[in-house]
Structures are given as C-alpha cells and as structure tokens.
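Those sequence lines, one after another, are chains C and Y.
With our numbering, the residue at position 274 of the first sequence is 254, and numbering never jumps.
With our numbering, the residue at position 148 of the second sequence is 128, and numbering never jumps.
I should point out that these hints are in silico values taken from the structure, not numbers from a laboratory.
Among the clues, some could well be false.
Which copy is meant is left open, because identical chains are indistinguishable; a pair holds if it fits in one copy or across any two.
Capping the alpha-carbon separation at 25 angstroms, the derived lysine-lysine pairs in PhoX-like fashion look like this [to be verified]: (1) 159 x 240; (2) 16 x 306; (3) 313 x 69; (4) 204 x 319; (5) 131 x 16; (6) 38 x 17; (7) 76 x 102; (8) 219 x 252.
Predicted model only: the values in this text are computed from it and were never measured.
There are 2 protein chains.
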Amino acid sequence: MSKNFRIGIIGLGQIGNYLYHELNRKKKDIENKTGKKINIIGISAKNKNKKRKYKINKKIFYSNPFDVIKKRPNVIFEVIGSPDGISRKIVETSLKNGIHVITPNKALIAKHGNYLTRLAEKNNVNLEFEASVAGGIPILRTLKEDLSTNKINKVSGILNGTTNYILTEMENTNQNFKKVLYKAQKLGYAEPINPKLDLNGFDAFAKVRILSSLSFNSKIASNKCLMEGIENIDIKDIKIANQLGMRIKLLGLTELINGKLFERVHPCLVDKKSYIGNVNGVMNAVIINGEPVGENILQGEGAGPGPTSSSLLSDLMFVLRGNIQKPFGIPYKQLKQYKSYNLENYSNSLYLRFEVKDVPGVMSKITDKLAKFKISIKRLIQTPGNKSKKATIIMITHKTTELNIQKCLKIINKDKNTLKPATLIRIFN
Amino acid sequence: MSKNFRIGIIGLGQIGNYLYHELNRKKKDIENKTGKKINIIGISAKNKNKKRKYKINKKIFYSNPFDVIKKRPNVIFEVIGSPDGISRKIVETSLKNGIHVITPNKALIAKHGNYLTRLAEKNNVNLEFEASVAGGIPILRTLKEDLSTNKINKVSGILNGTTNYILTEMENTNQNFKKVLYKAQKLGYAEPINPKLDLNGFDAFAKVRILSSLSFNSKIASNKCLMEGIENIDIKDIKIANQLGMRIKLLGLTELINGKLFERVHPCLVDKKSYIGNVNGVMNAVIINGEPVGENILQGEGAGPGPTSSSLLSDLMFVLRGNIQKPFGIPYKQLKQYKSYNLENYSNSLYLRFEVKDVPGVMSKITDKLAKFKISIKRLIQTPGNKSKKATIIMITHKTTELNIQKCLKIINKDKNTLKPATLIRIFN
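Please put together the full structure from these sequences, using the hints given.
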C-alpha cells in the first residue's frame, strides 16, 4: 500500500456528505494514528449542485460514479444504499479492480453477501460493512474479532430505530400508529416516501442475516423463517401491555436450534423491568449470548450520519492498518450452510387479541377452538368496545407451537362473529 | 512469524487454569480462523501438584517461570496478577526477549503501563491487556480501534463486580455491609483474605487509568484525584436512597475538563430508572460518550474465568493475525500528558447523612454552617434513632463544590453533638 491512500465516495446524501466532512476534519488524526496520508480523489452523486450541509469540492466531483473508480482509488465508500442496481455494480466493479470497499448497505450485503465475499477474497481486498448493522455500535467487529473464540449461542436485539421510536412514542403519547408514523417521518426517523422496509421488519431482517453469518460462521441464508413488522400493532395493544407490566418491542433474533438456523424478526412483549424493555426511542441494542463470555450487551445510536460515519471510519482505519481480512472473518470456503429451522415447532407464550361481536357464545367458541388445539389460557381480559355490540378479548396463553396457533387462528378468523383477524404477539423469554 | 506458534502460561490459578483448558479446547478453531498452529510449550505455577479443575500436562510444567521464557515462546500469558514483583519481572523479561505478552493484570498496567509500553515498542512486540478492564467486555479494543476516530468526551461505568454485587445484595436482602461482604467472600465474588482493593475503589481506579489512556490518547496518569470505596455505605443509606427513587453504585469516571484530566472512583446515587441504575449484581457496564458516535454502552460479565479467557483469547487472535500494534493505540511518543483537574472545583448535588445527638439546636447549627459555605438544601429528612437521644439527618443539597462541602463538613464533624463523621454521597447526573 502506498503511503498516500486514495479515497472515493459514491453517494453524497446525508451519510455520504457527513462522511466527506468527517474525512476532511479527521485527516490529520487518521494520519497520526495509522502513519498513512489520506486523500479524497473523487466523489459522485446524482446532483452536483444540490444544496448540501457540508460544502463539497466540485473539482473532484464526477456525475458518473464509474469515473471515480477509473481514477484508481485504494478504497471506495459505497453510500448510495440500494440492494441492487447501481450499488451492486459499483461494489462489484471496485472489488474486481482491486479496490477495497466500505459500505453501510445492509440490503446489499444481506442479498449478495456470499457472492461479493468471494469476489473480495479472489481479488485480495477488503469488503467492510460495520455500519450496516446497528449504526455506531461496533457489533460486527465484536463478533468477528473480540468474541471470535466464543461459541455464540444466540444473538437478539433491537435493530431498527424507526420502529423502536414509533413504539416508544405510541406508548408515551397515547397516539395511534399512523399519527406517530407521520411524526417520525417529519422528524427524519422514518423514510418520507416509502417507510415500508423499516415497518415490515425487512430492514431488521437484513441485519439479522448479517449477524447470523458472523455469529455462526455461516453463509448468508436465503430462507425467511419469520418476518413480521409493527404495522398491525394497535394503540390498544400498547395500553394492555402496559397494564400487564410489559412493553412491545420489534426484536431481531438468530440462533441455532439443533443445528438448524432460526432467524426471525417480529414484535415481542417484553418485561418492562428487563434490560431490553428499557431500550427506548431510536436506540439500538444487541445482546450476544456466548460461551464462555456469558451475556454481552452493546447499545448505541443505530442510525444517523454521526454514528454511521463512526463505523465507516472504523472500517477505514482497519483497512489503513493493512489488515486484509475475509469479509465474514474466515475464508468463504470454510463458511457453513445451515438448514432452516421449522417455524411450526417454534413455541411461545402468546398474547392474543380478538375483536368480536358482543353476542352470546362468542367466548365459548374461541375457548373451545383453543382447547381443541391444546392451547391453554393463562390469563383472560374482556373489555367492551366503545360502540355497542363489539368486544375485545385479550388472552395470554401458555407455551404453544406456531403450528397449533396458526391452525387455530385460521378457524377463529373465519368465524362470522370475528370482526377482524386476531392480533398475535409473542412473549419474549 | 513461524506457522507454529509457541505459547507459555505463567500462573495456573482460576484464570490461568481455565485459559489453559480453553486453549486446548479451541486449538482447532483458532487454527482454522488464523491459519496458525498453536502449541502450549510451557506452563508455570507455584505448586505443580495442586488440585486443579482442569488437568495440566506436567511434562511442560516448570516451577521457575523464567524457564518457560527460556523455551522461547512467541507469546507469554502473565496471569499471576501482582502489580509488581514477579509479574513485572516476567512481563519485562518477555518483552525484552521479543516475546509478545498478554495479561489481564490491571494493577501492573495501571502502575507500569508507560514503561512497559516503551519496552514493547522498542522490541516490536505486542503488549495486550483487553482482559484487564471489565472482563469479557471488549472495551479496550472498542476504544482503540472501533471508535478510534471519535473524539471521546467521557467514559463512565460500573467497573468492579465485587462492589456492585455487595450493593445490590444489601438492597435486596436488607443486610448490612459486613454480612453481605462475608457472603460475597463465600461465593467467590470477593477476595477471601484481603478484599480491600476491591472495596476501597483501588481496583476500579486502575481500570479508570487504563480507560483514560485509550480514550484520550494519553500516558497513564499518576495523580489520584478522587478515590472512595463503599466501606462506609450503611444499610441506612441504601434504604433512604430507595425511598428517594435512587440506588447507590460505585462508579468509575474519566473525562477531560478544560484540558485537565479528571479521573475518579466514588459511590454515586443514581436514578433507579436510569440505565446504570439497573446494572446489578456482578455485571459491569461502560458508557462511552463520543463525537460523532453519541452514547455507546457495553455491558457484560466483568470477571470470572470464562469472560476473562474470552478477552485473553481475543488478544491472542489479534497477535496471531500478525497485527503488531502499539499497546495504547498510537506510538508512546505521541501520547499526551494531561494535568490533573483540581478536585476542589468538582461540583455536585449531594446526599449527606449526619448522625447527631438529639438535642435542641443541632439542626440549626448544621444548617447555619451549610449556609455559611453557600450550600443550599433541596430536601431534608430527619429520623429519630432507635435509641433515644440520637437522630439521623439526611440532606440533599443543590450543586456545591468539593471545596465548600469539605471545609464545611470538617467543622460539622468536629462539633460536640456530631456522633460520627458525616456520610457524603455524590448524586450522578
């Protein structure tokens, strides 16, 4: 590596622009710490003249991102963020040309990680993506390096700040999902045009995939065991959870059960007094269970230009120190491939909310069906609806399998007295 | 580095013995991940035939630790743990002979870190001590690598599991300090013979010194701004804190205030609902405030053979990957040296407990003195003692400087109606 290290940045949105600013600001510090001079030799974005928070040097601006690659930088920051298309093309071309790549693009890694890893290894360059999971929290390097001799049993956490903000705000303000989403969009915590990928668990699931690979030394999986978002969480559920001493959180989890990989993202009821029950607002948290280290928790800001830049620059420092390393810690060939866990066997205590007509026999019909599927009830709360002839029935069940509850709910949901499909929230333990 | 990597272990107590076991057990995994074969070529302890949890290979046992060094290992694990004497001699000799050193010995690093760093750099070997602070939590590498381009403003946390266990247990069982200490000793959470270094804050202070160096790129300091332990925390204080919605925690803190280094360890009253107020038992937690990363929290088991071995092996992996690095992240020459912050200016809201004779005029005398030193009272609780003629007065003050409160307490403590020196606990904000 030459002493003068050439950097290209593709994408100058909120993240890219902040990164550009940080690189210029921390230039001297980085040089001191690594002994390498750094130099931004090319930047690219759609619009050269867009108003940006931090002024860019237009002399090194290229409308075509591939013109930056042609300038032969040592490293490219890909900060556009699409899971395919131009982002993939840029990363691919860079790696093929022996250029290190640093990216916060979780969707890309979760989708094409296996392929891109082989490409990086083949060309003997780094592909670093610390910023792709949990923003400023150094979770990937913790798994890849610090805990690398541990046997990781399970990783779980709050991996999406948007949904955590919405759930927290619903509880605090007593406002419904739509109102709070609108507020989150105004504050920049949720995407203004299409917030779907945060809300439906897709974003968190991409992060779970990456965490699995590093935790279990496995290839990125393609099966989706269970992915549910928070779109159907009603303010009613939040209030009732509150009465039960619980809180609703969207959790991402991954673990190996009898050698099968079980990746999932879904809302959970968690104890208000638990650690995870107190990670609120836009914060992210990851809990690692390893042997012999025990439980390790990392918490921090999961998004935003500052935390993301911190992780992007930690990747740069890693590259500057000349640490060529396999993207997933060990050579691609050694990565294992696990079969998926059968969701039907997943067993949980459940929170169920039924919206029904307030007519005689409704309750007995539901309890009959539950009994038929051997689902036993731990707690039952019935509240009359605001309008007459409607009732809300809440049940907390003992542990039951997904197979049984899904079959059972299918029948109950079809019943003429059922006003809308039952809400099911798993209880975290 | 040769492909066959030779390892020596000096010290086969709880930690050393477990490490020996882990190294044997993880041999294959380490080889897979690093491409290096590892081989334990020598072990040493006082007693060859002592009963140990994991059986040792007596063929590689040497009564004299320097005989292990003579076998020319590539790395030595120093796991005896004394701040001087034999530990220092072993580390010194190893470094001088071009042998990498890995140690969990916080006392040694906090005392001789500057000298040993120069020695390591001169001989171009690693001196790694991840396990010296907060057990299995990868806090040092997080500061040294992952957050290395951040400007760290403040680091604080619960750095000693023994004291945290005692405080938690006092609250939970309503038993006094002595009883709980005895229990902690029986459970192995406190040293059986001399627990003083945990209780008086010394252990936490050593960790604070190491955290400062990595956070602020500075030499290990020698001044002790403020070090207080938990020996004087009474069950009364715990109960009253509880009534006030607070908990007592022994915190370690370091920050730069106007370019002056302020390192301190002392009990704090923290909000029961706060994050730090809910880190209980033997858990450790470190909170890093950095820019631009924001607040980063790491929590995990702070001691014990498992977590400590996890960190010791992470150091080994680091060495095996061939990453020769300065012990404090940057060359010794570039480390700064900060002047100490003047403790007298430290300003806090305070909890004060006075034990006094229950005679007329006592209260007015105390409030008069406080007023004289411009210490204003926010809250006052007076409770009669169990025996007549004694009273306990609790005060929560507004913010006041150490200078004023110490001067004031000196006078009050001398008063003939004061039965014992006032208890002062700073309120964390």
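Okay, the hints, checked on the actual structure:
1. Within a single copy, residue 159 and residue 240 get their C-alpha atoms no closer than 40 angstroms, and across copies no closer than 48 angstroms, so neither meets the 25 angstroms cut-off.
2. For the identical chains of this complex, residue 16 and residue 306 are neighbours both inside a copy (22 angstroms) and across copies (15 angstroms), given an alpha-carbon limit of 25 angstroms.
3. Taking identical chains as interchangeable, the C-alpha atoms of residue 313 and residue 69 lie at most 25 angstroms apart only when both belong to the same chain, with a minimum of 24 angstroms there against 44 angstroms between chains.
4. Taking identical chains as interchangeable, the C-alpha atoms of residue 204 and residue 319 lie at most 25 angstroms apart only when both belong to the same chain, with a minimum of 12 angstroms there against 56 angstroms between chains.
5. Within a single copy, residue 131 and residue 16 get their C-alpha atoms only as close as 36 angstroms, which misses the 25 angstroms cut-off; across copies the closest is 19 angstroms, which meets it.
6. In this homomeric assembly, residue 38 and residue 17 come within 25 angstroms of each other (Cα to Cα) only inside a single copy, at 21 angstroms, whereas the closest approach across copies is 52 angstroms.
7. For the homomeric pair residue 76 and residue 102, the shortest alpha-carbon distance inside one copy (8 angstroms) is at most 25 angstroms, but the shortest distance between copies (40 angstroms) is not.
8. Both within a single protomer and between protomers do residue 219 and residue 252 lie at most 25 angstroms apart by alpha-carbon distance, with minima of 13 angstroms and 23 angstroms respectively.
Hint 1 alone, counting from the list given before, is not met by this structure.
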